[in-house]
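Engineer: Letter by letter, the chains look like this.
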Amino acid sequence: MSPAPDPALPVPALAGFPPEVREAFQRYRTDGDTTAAEKVVIAAAVDYRPAGAGVARAVTDDTRLIEDLGYDSVAVAELAFFLEDVFDMTISNEDILAVRTIADLRGCVMRKLAGKAGAA
Amino acid sequence: MNPVVTGVGFITPIGNDRDSVGLSLREGRHGIERVEFLGNPDLPVKVAGTVKGFNVESPRWREWTWPSAVHIPKDVVRGLAPHGVYAFCAIEQALSHAGLRAPDIAGDPSTGLYCASAGSAMLLHHNVAQMRAARGARGNPLGVVSSIAGTLNFNLGAHYGIIGNVCGFVSACTSSSHALGYAVDDLRLGRLDRAIVVGAEELNADSLLPFAHMRALSGCADPGTASCPFDVRRNGFVGAGGAVALVVEAPAAAAKRGARPLAEASGWGQAADGYSIAASHPEGAGLRLAMERALADARVGPGDIDLVSAHATSTPVGDAAEAIAIARVFGGRGLHPVVSATKGLTGHSLSVSGVMQAGFCILSISGAFMPGNPHLAEAARECDGLELPRATVARAPARILSNSSGFGGSNVCHVFSAPGRFTG
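The listed protein sequences correspond, in order, to chains H and X.
Using our numbering, the first residue of the first sequence is number 97, and each one after it goes up by one.
Using our numbering, the first residue of the second sequence is number 123, and each one after it goes up by one.
Extracted from the complex, chain X is given alone in its bound form (with noise of 0.2 Å):
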């Protein structure tokens, strides 16, 4: 049998909340803003997927400020980065949504915690710099666990007291998907009952110039079209912050406690294009396979699938491997299914994108609407035979597959269904 989303839990730049965020993917509109990082109008990155309602920029957390109806406990928020602000937020509603509460997860052998980060850049630079100040003598007792990648598994896992499983996943772009699939799997083998998955990343200078060194980010000015998937004008994706969580559970376990399936997680399948440190490989071979082992673990076919949830962040390189991808898998076969970018109105929040998707996912199942493209002006060559719909599509998928591409080459695709449409 396959598990069921029953929660999920949204800091985007979209909305902080279910609500808001539904209305921004059906009203098309973005939460991009014009941003300025270290004092220096020069720079090429001019917006950014901001997270409102937050400040979170300092180093310091006793100079942190985020919405008042959730309480994070003292202690708690002294080991935190800035995106474990985010995260714990998520959580808190996904339970809420779930309707769980903390203790209800604590200490219960059958739940685990899957999380997605890369990690604290800005906490690590500002400790390490704190102990070099002090040549070595001394240095944040909790830089450790406040800054590297395990950061949400170390204090996520503790303040929760998660004892089925804590673990953390480290695979860029597509890290919150493998939480996902991984989660996914435990489930489905009976070693859990419940997992907690979230990906946060936060939105800083450290966190996101040296994506620009890259040349990866686009320099455009105008926050309205920086970000525009598969268009001709694209030229590289537009940082964004956040955590989106979500409360996954085997079917039993949310029938016992009378919990009402979101939707199914009804299957995933993942690749590599062993091809590149970053760019995807031209033709997105890897993503083609990640495609069609998702839908084969499903065990549907691609005509089944209503609704395609692109990874498309904008970059000319990555949007065209997807396209080929997509059409390959689809397009080959006569099937046009609705394919929407939803980075279009978020920006890129890297190891959140895949859990992000899923969310947005779970709110097109429940609220019966396909996300449509508006950034979408002149589309690129290699996206002839997409479905690239520009505005809200009204009509319930039943079932949707998401795309998650990252660094190194690294794909992976997860299959959604409506309640009603499971395939397990």
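Just chain H, same shape as in the assembly (with noise of 0.2 Å):
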């Protein structure tokens, strides 16, 4: 079993991100509250979209990464950098491809989180 890491610890990768999004992260590292991991998700889906994109809208299960959040091929590159840094997680190209709406990935990211928990 890997030690768990210090919830004290800051997580570089978040700064800059509002308070409650750090807090639910925490939350996650503590007590393993998947929710709170969901809600870090999808800040992370509103933060890397493009800036051109247009009016933002309600983020909801059914948004689609590209057609309604305007991702490029970059800015879903910088997504899953941005998930395996802050979850130590790998995602695959293939994972990535499959993913199309907020319920894709957020499913993603809880099924690999699972797998490490299940592996620890």
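No lab work stands behind these hints, which were simulated from the structure alone.
All figures in this text were calculated on a predicted structure; none of them were measured in a lab.
Where chain H lies over chain X, by a calculated footprint (3+ residues, C-beta under 8 Å):
no.: 1; segment: 192 to 205
no.: 2; segment: 261 to 268
Some but not every residue of chain H turned toward chain X, in silico, with C-beta under 7 Å:
no.: 3; residue: P108
no.: 4; residue: A111
no.: 5; residue: G112
no.: 6; residue: P146
no.: 7; residue: A147
no.: 8; residue: A173
no.: 9; residue: E174
no.: 10; residue: F177
no.: 11; residue: E180
no.: 12; residue: T186
List of simulated lysine-lysine pairs, DSSO-like, C-alpha gap at most 30 Å:
no.: 13; chain 1: X; residue 1: K196; chain 2: X; residue 2: K174
no.: 14; chain 1: X; residue 1: K196; chain 2: H; residue 2: K135
no.: 15; chain 1: H; residue 1: K212; chain 2: H; residue 2: K135
no.: 16; chain 1: X; residue 1: K196; chain 2: H; residue 2: K208
no.: 17; chain 1: H; residue 1: K135; chain 2: H; residue 2: K208
For glycine and all other residues, C-beta sits at the position ideal for the given N, C-alpha and C.
Make one complex out of these two single chains by using the hints.
Structural biologist: Okay, structure coming up:
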């Protein structure tokens, strides 16, 4: 079993995110709260959307990364790397190519986290 | 017809706008401060030409800050290196000065972008370390575009929608002089109507300390005297960061939109030493030839030059070589133009050097003054016959010769002329 990360340590990748997102991540780290982890995933998906993508709308499960949030291939790669870095996991090309919507993205990350927890 | 400069933007150790830079140059105010790198007070680098008003020390863009008047979209800043933030701010200023807005140049086939940068050693190191920590399994998708030497062209070309051409120059301390030179040629050849020229460098342990290991930096701890070009006490350059941007236009294109020419880019020349990877030719042979070629290209003689903006970085070998070269071009004909070495005030910002001097030349022409050499106490023997005033000369230069020299023996010189004294 790998040692649990110290929840008191700041996560540099989350600097600049709203306090509630950083707090959610701490809850995930300390309590394994997967709802809190989902909050971080959605905040990241909103954060990495290209600026020129038009008016932001409310993000729901059905919101599509490319068609609705204006993602391009570079922004998708950035989002995937951010999530890999924050959650210390690997998202393969196949994984990310299968992601169309926010629900897909959340499901992808949650499956990875469940796999990590199982492996630990 | 020679191109004209219609806008300048400055992020420099001596000011982040035209007015403050001009005042610093006139009053001989330097922008050098005490610094400490990597928490090691024992390093022999004690001072540097720092950029104020920014915090781009972290490898993580989310921790960066820059002047609030400049809006850099989040999806743009993510791809930038720290010096890309400086470059962005300098270009915004230059466009505004030229009376242009970003939408005016987006998608314009007659606008090109000419960049000079050595890349970001800090981000390259950070990104590669991150990749190695993950045993190659993952890395920052923007690691390449944010850190290698083309980072300015990649990011700024895309952001501003530049379609005339986008290019970058890597010739060490002549990089931005090369960028300006090839922009001038493209404008003269009618390939473009407008060029944005920008040079930028960051200042951090990764960018600067390797020069200390070459024994190229001053170990002097006094910000007021460490950079003293042409002085007998000079003992190495003082590192600096920053960015300078110019808008250069074909005269007809500038006139068509009612832009005011600040100066003419009258001609340029280059030559190489073929001598050493880093040291100048002892008698400045390549620099002398580059000066002569620039004068010939501008169709002027040495007697037409009022001011020489020296490259002089305060190194023992480089300054001596330049002094000899200047003396041979001018002194040999009984001419003594004012020689001004502004790195005494700014330190040496490497890739930015040439375009920073070009920006200072524009301010000298429009502000009718020639900067002095306030850190010069005792001129070195090689400077005999050079006119090196300590204080600012309150006289308008009609024509300026601006020198740049870089590693590998690269030398590039430009001639700038006051409006109304055009040579074209």
